[in-house]
Structures are given as C-alpha cells and as structure tokens.
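J.: This is what each chain is made of:
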Amino acid sequence: MYTWIWRHLPGGVPGKIVGTLLLLAGAVALLFFVVFPWAEPRLPFNQVTVPHETESTQKP
Amino acid sequence: MRGATILRGIGQTFITAGLVILLFVVYELYFTGLETAREQSALADEIEAVWEKGGGSYEKPEDALKKIPIGTGIAVIRIPRFGRDWAKVVVEGVNMDDLRRGPGHYPGTQLPGQVGNFVVSGHRTTYGAPFNRVDELRPGDPIVVETRDTWYTYRVTTQEIVPPTAIEVTYPVPKERDAKPTIARITVTSCHPKYSARQRIIVYGELESKAPKAAGPPPALAA
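Residue numbers (my numbering), protein chains in the order written: chain L, 326 to 385; chain F, 56 to 278.
No wet-lab data here; the hints were simulated from the structure. A hint or two may mislead.
[Claimed, not checked] In silico SDA-like pairs for lysine to any residue, Cα to Cα no more than 25 angstroms straight-line: (1) F:Lys249 to L:Phe361; (2) L:Lys341 to F:Arg63; (3) F:Lys249 to F:Leu84.
Because the structure is a prediction, the values reported are computed rather than measured.
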C-alpha cells in the first residue's frame, strides 16, 4: 500500500516527500480529532466513577 | 512474486496498527491534558465572572435539591499535597464529557459544606490527571473547597480501594444506606490502579472548618 502511494505521489522526490508529510499529518489529525475521541469511551481503561444517578445517559 | 506482495501488505498492516496504538497512547497521556488545561482555564474565568456578578452560590440547604445544570462550574478545589498552586474547578456531573473538563461533582450528592457527602470524581491519568497522586493523601491532609462566599477546609480521614460497583461510598454517610448524616464529608473517587479501571480508589474527608471568603484563604493553604 505504501509503495503504491509513494509511486503515485507527484512532483519527483521533493514533491513525494511533501506529499508524504501532508498525508501523514492528515492521518494523525483524523486519528486525534475523530477516531480517538470516538473510541475512547468505548475502551475500558479510563473510568473513575462508581455508579451514579446520571448514568442512564452514558456509562461512567 | 504475488506471495511476496501479500506478505509485504500484511507486514505493513501490522506496523501501521502498532503505530496507531502508540499514537493512541500519546493522545491519551498528553493530548487529552491539553484539552483539559484549556477547559479549566475557561472554567476558572467563567466561575470568577459568575461569582463577581453575584451568582453561582449553592450553599443553602435547598440548593442540594435544585438541579444544577450539568457542566456548570460549582466550586474550586485545592489540595496542598498536590502542590501549592494546585487548584481545579469542579463541574457538576460525572459523565465522561464532564470529567474531560475537570473533577466532577456527583449530581444528587451534597454540595460543599452541607451535612452529608460532597462526592467528587476525577481522572487519575489522562485529561490533565487531576487526581494522579490521590493515593498520596494521608489522614489529616487538607482539602480546601472554595465557593462563592466560603472557604471550606476538609481533612482527609481514610482511603480505601473498592470495586467499581461500590455505589455505597457516595451515600450521605458512606456505606450506611439509610443513616442520617450529622457532619459534612467529602469523598473523592478515581481509578485504581493507575491506567486501569479494575478498581476505584476512594478518599474520605470530614469538614474541619469554614470561613467567609472575606477572611482570606484559610490557614491550610498558607502552609
């Protein structure tokens, strides 16, 4: 997959490096701002509360 | 040739998965803290402004029955054991969205200074980790809660580790379901061990003294 992307990036080697960095930044941003915030409440290791009355809306 | 391509693809998938997991760790341990720091500074400005305008007081007995909007800053908590300048705005609510912004007050439990139990939860790791060092609290350590009009000084009594289902620690008299409270308590809940949600660490304290804001910060903060 990575070889395929590298081959299809335009602009010679300098262009390919810039393209790679841009894609990388995009992927990291997607993970940090969309995927991780979504995934985190579904993972079991960040819970600090005991049962409480507002629980019905969301698990602690 | 085809086999090599497939193998390379599988290898790259694993490496990518590993990198994503590493990034997730970075996100949890550092990035979430940035978000919380921003929220806390906004909350601190907001609560100051509300107090100055004469609002944001929840100290009358009937206030406990009022529904405070989830996410409202209700008090500032200071624990000198965690550092001289350690101060966090406590928000109403303990759902994940609330705790992202700072320590949260369990709705339905008492408010600062009231007879009963002021129960607060906060992250021990991630999101600024307000209660990272909660296990270091020793009996007698002060926990100072500032409301619009009053400084409340609580003193730590005990701590314990309980299962995540231990709702009884939030009762007005912890663990005694129908007992009538006679003193004001504070209870802090966080996760235990660190980086795990297997158990909860609970720290209990009792109100030692209260003083009007005009009297200046209590002696517990001067030390």
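J.: It remains to establish, for every hint, whether it holds in the given structure.
T.: Hint-by-hint comparison with the structure:
| no. | hint | verdict |
| --- | --- | --- |
| 1 | F:Lys249 to L:Phe361 | 20 angstroms, holds |
| 2 | L:Lys341 to F:Arg63 | 21 angstroms, holds |
| 3 | F:Lys249 to F:Leu84 | 12 angstroms, holds |
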